[in-house]
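Participant: Each chain, letter by letter, is given below.
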Amino acid sequence: NAGVMQNPRHLVRRRGQEARLRCSPMKGHSHVYWYRQLPEEGLKFMVYLQKENIIDESGMPKERFSAEFPKEGPSILRIQQVVRGDSAAYFCASSPTTGSSPLHFGNGTRLTVT
Amino acid sequence: DAKTTQPTSMDCAEGRAANLPCNHSTISGNEYVYWYRQIHSQGPQYIIHGLKNNETNEMASLIITEDRKSSTLILPHATLRDTAVYYCIVRVEHTGANSKLTFGKGITLSVRP
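Chains as they are written, first to last, in my numbering: chain A, 1 to 114; chain X, 1001 to 1113.
Be a bit skeptical, because a hint or two may be false.
[As the list claims (entries may be wrong)] Listed next, the in silico DSS-like pairs over lysine-lysine satisfying Cα-Cα at most 25 angstroms (straight line):
#1 X/K1003 - A/K44
#2 A/K44 - X/K1105
#3 A/K62 - A/K27
[As the list claims (entries may be wrong)] Sample of chain X residues at the chain A side, in silico, Cβ under 8 angstroms:
#4 C1012
#5 Y1034
#6 Q1042
#7 G1043
#8 P1044
#9 H1049
#10 K1100
#11 L1101
#12 T1102
#13 F1103
#14 K1105
[Unchecked claim] With the Cβ distance kept under 7 angstroms, some of the chain X side facing chain A (calculated, not the full set):
#15 Y1032
#16 Y1046
#17 E1093
The set of hints was computed from the structure by calculation and includes no laboratory data. Here a beta-carbon is modelled for each residue, glycine too, at the ideal position from N, C-alpha and C.
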């Protein structure tokens, strides 16, 4: 059973470009979470999605960031007009529907903005 | 979700048991205790979780005190590859907007040869 798959592993963008980060949850998981980890800092929650719905976006920056989890295909975290401060590791996690089941994380996408 | 308190760091010798403490004195009756670890540059790895009974799996054991105000993660035979930041997190059962995990600073475990 494949784990959470994130791609690309590394992404380099110039200031002002768009970054699109993809996350395929584990098989059977319908809940996806995005986290950001700035250099030398902790993991910060960004957004929680179920299929086609955003459940909690309390950690998302108000501008330039958006996330989706369509009925078919991976979840996408999109960052428009990237700035140097967006350079970070972005982790995706997934979990099954309900209960105490843990979140399982992917190995992240490392975004570097030049 | 209840807050957890962990020491900043600890070390242990390879082959010995590593006992990682965590305080969660404000834990509610429906909150679970989860442990994750993050090895440098990798994603957080789930280790174990429990509600009130002690739990054991192939990676570790989780000992939760009877009053549930603290817990200990035990790695029975630490290896160099267990060097990582370990996070103790409490969370209610997966229900809607309360489903996220909130990470603190964790404890850095260094396993020495």
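Participant: Would you pick out the hints that fail for this structure and give their numbers low to high?
Facilitator: 3 and 4
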